[in-house]
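Participant: Residue 100 in this note's numbering sits at position 119 of the sequence shown, and the numbers go up by one each step.
In short, the hints are calculated from the structure, not lab data. Predicted model only: the values in this text are computed from it and were never measured. Take the hints with a grain of salt, since some may be wrong.
Computed beta-carbon distance windows for the label pairs [to be verified]: (1) Asp198 x Gln19: 44 to 52 Å; (2) His234 x Asp198: 40 to 48 Å; (3) Gln5 x Glu128: 32 to 40 Å; (4) Lys8 x Ala199: 42 to 50 Å; (5) Gly238 x Leu134: 19 to 27 Å; (6) Ala74 x Lys8: 21 to 29 Å; (7) Arg209 x Gln110: 34 to 42 Å; (8) Lys8 x Asp51: 19 to 27 Å; (9) Asn60 x Thr136: 39 to 47 Å; (10) Glu71 x Pro107: 16 to 24 Å; (11) Arg212 x Pro107: 30 to 38 Å; (12) Thr217 x Asp84: 30 to 38 Å; (13) Gly195 x Arg88: 19 to 27 Å; (14) Arg59 x Pro120: 46 to 54 Å.
Glycine included, C-beta positions come from ideal geometry on N, C-alpha and C.
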Amino acid sequence: MAVSEPQRWALGVEYDGSGFVGWQRQKDGPSVQAAVEQALGFVAGHPVDLHCAGRTDAGVHATGQVIHFDTTALRDERNWLLGANARLPEAVALLWARPVSRDFHARFSAQGRRYRYVIANQAVRPALQARGVAWWRYPLDAGRMHEAAQALLGTHDFSSLRAAACQARSAIKTVHSIRVHRQGRYVVLDVHANAFLHHMVRNIAGVLLPIGQGRRDAGWVHEIMNARDRRASGITAPAGGLYLVGVDYDPVHRLPGAGQAPTWPVFPQAFGDGSSRQGPG
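Take the sequences, apply the hints, and build the full model.
Facilitator: Here's what the structure looks like:
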């Protein structure tokens, strides 16, 4: 059954990005977008065109991606979730679905985004979580990393922390909170900002790692930011440790809250009270 006026739907998506070329549809390999469009198109009975809150790169994961599409198909939340999930690969799942107004846009209505970067800090490479964490073999001081990261709070020109191929018109972004904490052998970086540049979180991690190792002092962050030049910065940390964990929207849209960040083994919930304060070192 179909309706004459298209209905816009917003959906939450979780995925393991290690087997994909990224979110965006591409010719040279499987994308998350193509997989979800195919599944939703089958349920709708017509092709669908998806828009997302954040176009994650190859190997990057999501627990809180938000998408939207328009359809004339008359389906309810249960139909969309069960029907599409039955046709999606195991690495991708729809978490929720909500009808929204036509002025909602997954990307342009977003007021903030939240990322988590997970580092397995151990002498030997991890096996069971090889595709879901970054690995750093040298001992890291999470408290030292957290202290250095506070220089990134607020509104700044992040030119030194953007990819060379970044297409954003402006490098000025606002970081609302940033926290580094240790949980057992894992070091976790949580960042909440109004928007992010291409590779920004991975480049932040790449700066904090040598600081945590003791090879650089905390003042290096200020030097990098003042240079406004990517060549003055550190490495781009591996994609496998990065998760898009939530997107902020105006409550008027009545969407579920931020996604559940990866919590294994026993990580504190991201972005709770005091998220910009130092966690356990």
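Participant: For each hint given before, does the structure comply? Return the numbers of the non-compliant ones in rising order.
Facilitator: 13
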